[in-house]
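*Asks:* Those protein sequence lines, which keep their order, are chains A and B.
FYI, our numbering numbers position 134 of the first sequence as 206, with every residue one higher than the one before it.
FYI, our numbering numbers position 231 of the second sequence as 244, with every residue one higher than the one before it.
Treat the hints loosely; a few may be bogus.
[Claimed, not checked] Only part of the chain A face toward chain B is listed, based on derived beta-carbon distances under 8 angstroms:
| id | residue |
| --- | --- |
| 1 | Thr85 |
| 2 | Val89 |
| 3 | Gly93 |
| 4 | Lys97 |
| 5 | Glu121 |
| 6 | Ile156 |
| 7 | Ser200 |
| 8 | Ala203 |
| 9 | Tyr219 |
| 10 | Leu237 |
Hints in this document: simulated from the structure, not taken from any laboratory.
Glycine included, each C-beta is placed from N, C-alpha and C at the ideal position.
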Amino acid sequence: MNILVCVSKTPDTTAKVDFIGDAKKYNEEGKQFIMNPYDEWYALVRAMELKESNGGEVTIINVGPASNDPILRKGLAIGADKAIRVDAEDTDAFFVASQIAAYAVDNGFDLIFCGKETIDYNGSLVGSMVAELLNQPFISYASKMEYTDGTAIVNRDIEGGIEVLKLKTPFVLSAAKGLAEQRIPNMRGIMMAKRKPLDVIPAVDAGSGLSIEKFELPADKGSVKMVDPNDMDELVRLLHEEAKII
Amino acid sequence: MILVFAETKDGKLKKNAFELSSLASKIAAELSTQAVAVVVGACDQPQEIGKYGISKVFHYDNSSLNDFDDYAYRDVIIGLAEEIGAHLILLSHTAIGKALCGRLSVRYKADCISAINGLSVESGQIKYIKPVFSGKAFAHYSSSAERVVASLIPNSVSFSAGEGNAEVENRSDAVERSAVEIIKRDVISGTVPLPEAELVVSAGRGMKGPENWGIVDELADILGATTACSRPVSDTGWRPHHEHVGQTGIAIRPNLYIAIGISGAIQHLAGVNNSKVIVVINKDAEAPFFKAADYGVCGDLFEVVPKLTEAFKRFKAEN
Ligand SMILES: Cc1cc2nc3c(=O)[nH]c(=O)nc-3n(C[C@H](O)[C@H](O)[C@H](O)COP(=O)(O)OP(=O)(O)OC[C@H]3O[C@@H](n4cnc5c(N)ncnc54)[C@H](O)[C@@H]3O)c2cc1C
Ligand SMILES: Nc1ncnc2c1ncn2[C@@H]1O[C@H](COP(=O)(O)O)[C@@H](O)[C@H]1O
Numbered sequence: 073m074n075i076l077v078c079v080s081k082t083p084d085t086t087a088k089v090d091f092i093g094d095a096k097k098y099n100e101e102g103k104q105f106i107m108n109p110y111d112e113w114y115a116l117v118r119a120m121e122l123k124e125s126n127g128g129e130v131t132i133i134n135v136g137p138a139s140n141d142p143i144l145r146k147g148l149a150i151g152a153d154k155a156i157r158v159d160a161e162d163t164d165a166f167f168v169a170s171q172i173a174a175y176a177v178d179n180g181f182d183l184i185f186c187g188k189e190t191i192d193y194n195g196s197l198v199g200s201m202v203a204e205l206l207n208q209p210f211i212s213y214a215s216k217m218e219y220t221d222g223t224a225i226v227n228r229d230i231e232g233g234i235e236v237l238k239l240k241t242p243f244v245l246s247a248a249k250g251l252a253e254q255r256i257p258n259m260r261g262i263m264m265a266k267r268k269p270l271d272v273i274p275a276v277d278a279g280s281g282l283s284i285e286k287f288e289l290p291a292d293k294g295s296v297k298m299v300d301p302n303d304m305d306e307l308v309r310l311l312h313e314e315a316k317i318i
Numbered sequence: 014m015i016l017v018f019a020e021t022k023d024g025k026l027k028k029n030a031f032e033l034s035s036l037a038s039k040i041a042a043e044l045s046t047q048a049v050a051v052v053v054g055a056c057d058q059p060q061e062i063g064k065y066g067i068s069k070v071f072h073y074d075n076s077s078l079n080d081f082d083d084y085a086y087r088d089v090i091i092g093l094a095e096e097i098g099a100h101l102i103l104l105s106h107t108a109i110g111k112a113l114c115g116r117l118s119v120r121y122k123a124d125c126i127s128a129i130n131g132l133s134v135e136s137g138q139i140k141y142i143k144p145v146f147s148g149k150a151f152a153h154y155s156s157s158a159e160r161v162v163a164s165l166i167p168n169s170v171s172f173s174a175g176e177g178n179a180e181v182e183n184r185s186d187a188v189e190r191s192a193v194e195i196i197k198r199d200v201i202s203g204t205v206p207l208p209e210a211e212l213v214v215s216a217g218r219g220m221k222g223p224e225n226w227g228i229v230d231e232l233a234d235i236l237g238a239t240t241a242c243s244r245p246v247s248d249t250g251w252r253p254h255h256e257h258v259g260q261t262g263i264a265i266r267p268n269l270y271i272a273i274g275i276s277g278a279i280q281h282l283a284g285v286n287n288s289k290v291i292v293v294i295n296k297d298a299e300a301p302f303f304k305a306a307d308y309g310v311c312g313d314l315f316e317v318v319p320k321l322t323e324a325f326k327r328f329k330a331e332n
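All chains, full assembly: derive it from the sequences and hints.
*Replies:* Rendered as structure tokens:
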């Protein structure tokens, strides 16, 4: 079976959040970038496992500039067979989804895996857009997936529980915690990754009318009000009278 | 025209449907347009949405629509949006919203902005405000497109019930579903699911072991709160996975978040720092969580938590 895994690049969670250019652009200067954790830990690893038990090939795809290549190399080191980079800025979800769908149409995949969301813009959109563009079912927030002979049983995370679904390939899925266990690339994987193909392809046309007018940092919380551990009535009073929360 | 997709659960409109309706009718008034709602599947009292400023609701009531299906729900919502000429389709950023939002926007040839926490109108144009970088910043978006699909994170805007019923238009045609089969649904009953909870009591590794959770449950019970935990606590199996909040778990924004024996690592804060009020109980005065807290108690949780439960009991008895 052939699986396409969409991988994105995000700033590390611990990176400072600041902006440049009239607060219109995230400041990438001096930031550490990582592969989006849901893509790396769950989507890619589950794809590898499926390939190991069913045969086939795992392709990873990223829409982004050449500075994203280390992310794709890491995916290859974890075990993907080949990497595709669509050479363009990933301006918004629809643009990204259009690139992925265009590549998938031309190459025919049994499954397309995404992460449940990126940890920077938290959009949760690319997967459902790719699915609609390809007219395939989409399972969001998959926390478990079993596969035999073209049929999959998938757990979808819903509010306060799960839904168990059964469907046939092809379909698109977004990966949540539970789908697989994180794998750390080993030395052999890192060496082999150097010899695996990383193809750069041009973008197709796709646009939207969206623009970010400005970024804003949250208002300062103000300093914490400490309450005497022996006077919990005071805490309750504050929550009632001051915070008006109970 | 604004179209609100109003979600139901067990045949009742959900709280986030009311929240969305209140916001939509306010924005519609500012734009001198109208907001209407669509309810898909069984619902006892769709007219109730009228209390939140919506004058008309389209109720698609057919057994083929009782369970969520991305093809069927897409076809109903897009069909109606085309019919009434909706410029803006609003959803909640819930499990269903996340499955649908991007799909609807592609099919409707609309711009798409998901996971917003507010909308405003400035010189006749809608501005969309969205938390980004796990709540560490906000982005203000605008769109030049004719049509937009947007989803609102539950519990983002305050609202209250008014008077009146909405006019209900029933539509009962069967709608074709996708080939995805629902085998079963396992949902914890009795408590409010975390993403929807207004009050959350959460505990971390400071609890020492699962056998000590009684004091957390008692506090949650007296408050009617939902329980949550930090990641190592669910990773080691002290608590179930669905309680795990943070960057890799569930992101929540309750009115009150009480953190017990949690250090406040950045990945934990990423999922909870949009809570309206944060109370931190920790014995280490240097714990990073205090910096993100509104109220702090520096002390041993095994003494503080039972005292807090007693104080809430006294408060309940008096109020
Ligand atoms: C990529 C990545 C993603 C992650 N995602 C998440 C996530 O989604 N959610 C998450 O929670 N974590 C996440 N983590 C882990 C996170 O970094 C922290 O390790 C974790 O949140 C710590 O959990 P804790 O606060 O329960 O434990 P600890 O850090 O061990 O803190 C325990 C706290 O309890 C206090 N304490 C101990 N005894 C008592 C007592 N008797 N009375 C009062 N206080 C006491 C201590 O002072 C301490 O502050 C992630 C980490 C990484 C690297
Ligand atoms: N630039 C990109 N290139 C490839 N895949 C992406 C890109 N951006 C997002 N994705 C995929 O889509 C998922 C959800 O992203 P989002 O919809 O932006 O939250 C991510 O976890 C990735 O799997």
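*Asks:* Does each hint hold? Answer for all of them.
*Replies:* Here is what the structure says about each hint:
no., hint, in the structure
1, Thr85, "holds, 6 angstroms"
2, Val89, "holds, 4 angstroms"
3, Gly93, "violated, 14 angstroms"
4, Lys97, "violated, 11 angstroms"
5, Glu121, "violated, 19 angstroms"
6, Ile156, "violated, 21 angstroms"
7, Ser200, "holds, 3 angstroms"
8, Ala203, "holds, 6 angstroms"
9, Tyr219, "violated, 15 angstroms"
10, Leu237, "holds, 5 angstroms"
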